[in-house]
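Once you've looked at the hints, dock chain B against the given chain A.
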Amino acid sequence: GESVGLHLPTLSVQEGDNSIINCAYSNSASDYFIWYKQESGKGPQFIIDIRSNMDKRQGQRVTVLLNKTVKHLSLQIAATQPGDSAVYFCAENMRGSQGNLIFGKGTKLSVKP
Amino acid sequence: NAGVTQTPKFRILKIGQSMTLQCTQDMNHNYMYWYRQDPGMGLKLIYYSVGAGITDKGEVPNGYNVSRSTTEDFPLRLELAAPSQTSVYFCASSSLAGGSNEQFFGPGTRLTVL
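These protein sequence lines are chains A and B, in that order. Going by the working numbering, the first sequence opens with residue 67, and the numbers climb by one from there. Going by the working numbering, the second sequence opens with residue -17, and the numbers climb by one from there.
This is chain B alone, in the form it adopts within the complex:
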């Protein structure tokens, strides 16, 4: 299994541009999450999904959108990039099987908005 994969690894955007961060998992997990991590900080939840077709807002959803058309994919969309969205973005997935909420993380996408 590849686990959780994210693309791209790095991206530089100009203010006002849009982009989609891709996330795919091959573990058949129902739960998927998007986090952002600012320098020297912990992870903040942007959006999450409990299954295909179901998404919900996390702690910091403004400026982002998500969709979950399949179990495997959970793309994150930035419509009008702003400097405040400069961060490292992590996608994660979990199954919540056996009462464990071990979330498996991808390698991250480092985004800079200039």
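Just chain A, with the same shape it has in the complex:
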């Protein structure tokens, strides 16, 4: 079965609010995690990544938090905009897996104007 999954399949937020998308992983051998955004009809687009030796990493309007104790990953989007509407996937890379990523099912984020 899949080792990476998401708690909420859909998330609806008001424009300007912060969004939090959650992800659970089950493989303690995973040492690298990545978030992708996929807009309708397009390929996934890299958002942010984090290594297992970090707890937090910030990008532009996005923050990824990693809690290795409970095997949980989250993506926070500040001041969510209509252009953020998409499906968000987390993925994990097991140590020694030659770069292979295991993707979760995805969370659809809808931003209400």
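Source of the hints: derived by calculation from the structure; they are not laboratory data. Quick caveat: nothing in here was measured; it's all calculated off a predicted structure. Treat the hints with caution; some may be incorrect.
Calculated cross-link-like contacts (lysine to aspartate or glutamate; reagent style EDC-like; alpha-carbon spacing at most 16 Å) [said to hold, decoys possible]:
#1 A/Lys174 to A/Asp150
#2 B/Lys(-4) to B/Glu61
#3 A/Lys171 to B/Asp20
#4 B/Lys26 to B/Glu41
#5 A/Lys108 to B/Asp20
#6 A/Lys171 to A/Glu105
What follows is chain B alone, placed relative to chain A:
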């Protein structure tokens, strides 16, 4: 750079037909991947390659074949198309430079098998 390009964008096949999905990248990446994405689902790895001449199976390789004769190209072959292969296929590449596994994805090929 064009990045990762895929052709065709759409294709309809009859059961038992064969076809090749093309994938090319111009970033000189050693690593290339083929995924399929079923409706409402995440991506599942079909095959991957760590360099020219080297390929290996992913999670769902049955019914597919690949080759990697050059760094740039990584075609995916369906020999006997089946309805279960109806999906969107994505090709990706990465360099694994600096410890990052950011995979760059193509726009996808939407395949329907009837």
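Outcome of the hint check:
no.: 1; hint: A/Lys174 to A/Asp150; result: holds (10 Å)
no.: 2; hint: B/Lys(-4) to B/Glu61; result: holds (12 Å)
no.: 3; hint: A/Lys171 to B/Asp20; result: holds (10 Å)
no.: 4; hint: B/Lys26 to B/Glu41; result: holds (7 Å)
no.: 5; hint: A/Lys108 to B/Asp20; result: holds (14 Å)
no.: 6; hint: A/Lys171 to A/Glu105; result: holds (15 Å)
The structure shown violates none of the earlier numbered hints.
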